[in-house]
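**Q** Residue-level listing of the chains:
There are 2 protein chains.
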Amino acid sequence: MRTRRAVLEAAAHVIGTRGYEAATMAEIIQRAGVTKGAVYFHFRSKDALARAVIREQTDPFVPPVSDSRLQDAIDFTHQVALALRSDPMIQAGTRIAVETTFSDEPLVPYQAWIDIMATMFTEARDNGELLPAVAPDRAAEFFVASYMGVQLFSRAATNRADLPERVTTLWKHTLPGLASPGALSHLDPHGRPAHVTV
Amino acid sequence: MRTRRAVLEAAAHVIGTRGYEAATMAEIIQRAGVTKGAVYFHFRSKDALARAVIREQTDPFVPPVSDSRLQDAIDFTHQVALALRSDPMIQAGTRIAVETTFSDEPLVPYQAWIDIMATMFTEARDNGELLPAVAPDRAAEFFVASYMGVQLFSRAATNRADLPERVTTLWKHTLPGLASPGALSHLDPHGRPAHVTV
Chain A
4 MRTRRAVLEA AAHVIGTRGY EAATMAEIIQ RAGVTKGAVY FHFRSKDALA
54 RAVIREQTDP FVPPVSDSRL QDAIDFTHQV ALALRSDPMI QAGTRIAVET
104 TFSDEPLVPY QAWIDIMATM FTEARDNGEL LPAVAPDRAA EFFVASYMGV
154 QLFSRAATNR ADLPERVTTL WKHTLPGLAS PGALSHLDPH GRPAHVTV
Chain B
4 MRTRRAVLEA AAHVIGTRGY EAATMAEIIQ RAGVTKGAVY FHFRSKDALA
54 RAVIREQTDP FVPPVSDSRL QDAIDFTHQV ALALRSDPMI QAGTRIAVET
104 TFSDEPLVPY QAWIDIMATM FTEARDNGEL LPAVAPDRAA EFFVASYMGV
154 QLFSRAATNR ADLPERVTTL WKHTLPGLAS PGALSHLDPH GRPAHVTV
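Top to bottom, those sequences are chains A and B. Heads up, the first sequence is in my numbering, so the first residue is 4 and it goes up one at a time. Heads up, the second sequence is in my numbering, so the first residue is 4 and it goes up one at a time.
There's no promise every hint is true.
Listed next, with one range per pair, are the computed distances between beta-carbon atoms [to be verified]:
id : chain 1 : residue 1 : chain 2 : residue 2 : range
1  : B       : ASP118    : A       : LEU110    : 42 to 50 Å
2  : A       : ARG21     : B       : ASP129    : 41 to 49 Å
3  : A       : ALA41     : B       : ASP118    : 50 to 58 Å
4  : A       : GLN33     : B       : PRO63     : 27 to 35 Å
5  : A       : ALA164    : B       : ASP140    : 14 to 22 Å
6  : A       : GLY185    : B       : PRO184    : 17 to 25 Å
7  : A       : ASP118    : B       : ARG34     : 37 to 45 Å
8  : A       : PHE44     : B       : THR122    : 39 to 47 Å
9  : A       : ALA25     : B       : ASP140    : 29 to 37 Å
Hints are computed from structural coordinates only; laboratory data are not their basis. Every residue gets a Cβ at the ideal spot worked out from N, C-alpha and C, and that includes glycine.
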């Protein structure tokens, strides 16, 4: 398992730095400091490695659980914003999402994020926190897509230094179309400080 | 000027197909069918070529002008959605935006889009169409960032076949946080058919 982890970390570094197309198995193998045979034992191809990086990227997150599932969703996206500044695995995951395609499972780079948001939005709906017209699954897809754009924009603008502020802006713009009036007045788009550490 | 245009179209095709990093000047020159000297007379480097593609991509658009500048903004984004399905210049522009960085002018791939949206949002505010808390410039930045994510998601999901529908969803989610109640009831997030052709 140490070899597998070393290869994944090397892959995240190389893909995060060079981009998916320019990353080569040779450079990943060299950086991991393991034998070529050991790498191919765990991952048959760069595609297999990319899928493993994608599966790995959501692992460190434990979405908060409180009385307000919509506030939990806000806090979670701020946790992810902080991780995007420093975690090579999630940084590589975003490059894979925008630079390559998986024709058999096209949404694989996004799916785990959609599932997390859809669960929180569904529970928020059951709590009466959503406007009646909002469909939790569709809203989760929209939110993940929009968040991807916001973090790419922040990467271009400030190497993600302003990402927490842009995530707050994203919520300010979208909460009026998501939250019931009763929920809206209690929600903090900045996230609750105690829940935003990773 | 024919040489310049041929080189730009070749660059758009090669960057749109291979991505920015993997695109080479050699392949662009070969596809353009012109001499190396002619290319370098117009564009000193791949970076210069990328900037020219970015400048070129907004040219075909004539944003509509009607009594409702917010409806004009909606219609404009639907025009862009249709162009994203077929126009190599704008497709290449999105790949350049997400795959490279311009350290001297980091927002250059986004700026023309932001300017167009900011103008329409500012005029919408002057017409009383925006909620008082909305700052047109910040809203334009948010909207362009979010739109980038939505079109990337649609590219992954359906090669942009569902992009018009996803742009409609984007507006449904964001109009309640943008538009004054009086304006909201008159706006069509699907865009007005007559204004959505390109």
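**Q** So, for every hint listed, does it hold in this structure?
**A** The hints, checked one at a time:
1. For ASP118 (chain B) paired with LEU110 (chain A), a C-beta distance near 32 Å fails the hint of 42 to 50 Å.
2. The hinted window of 41 to 49 Å between ARG21 (chain A) and ASP129 (chain B) holds, with their beta carbons roughly 47 Å apart.
3. Checked against the hint of 50 to 58 Å, the pair ALA41 (chain A) and ASP118 (chain B) passes, with Cβ atoms roughly 52 Å apart.
4. Range check, GLN33 (chain A) to PRO63 (chain B): Cβ separation about 46 Å, and the 27 to 35 Å hint is violated.
5. At roughly 19 Å, the beta-carbon separation of ALA164 (chain A) and ASP140 (chain B) lies within the given 14 to 22 Å, and the hint holds.
6. Range check, GLY185 (chain A) to PRO184 (chain B): about 18 Å between beta-carbon atoms, so the 17 to 25 Å window is met.
7. For the hinted restraint 37 to 45 Å between ASP118 (chain A) and ARG34 (chain B), the CB-CB distance of approximately 42 Å keeps it satisfied.
8. The supplied range of 39 to 47 Å is broken by PHE44 (chain A) and THR122 (chain B), whose beta-carbon atoms lie about 57 Å from each other.
9. For ALA25 (chain A) paired with ASP140 (chain B), a C-beta distance near 35 Å keeps the hint of 29 to 37 Å intact.
In the structure shown, a violation is registered for the earlier hints numbered 1, 4, 8, in ascending order.
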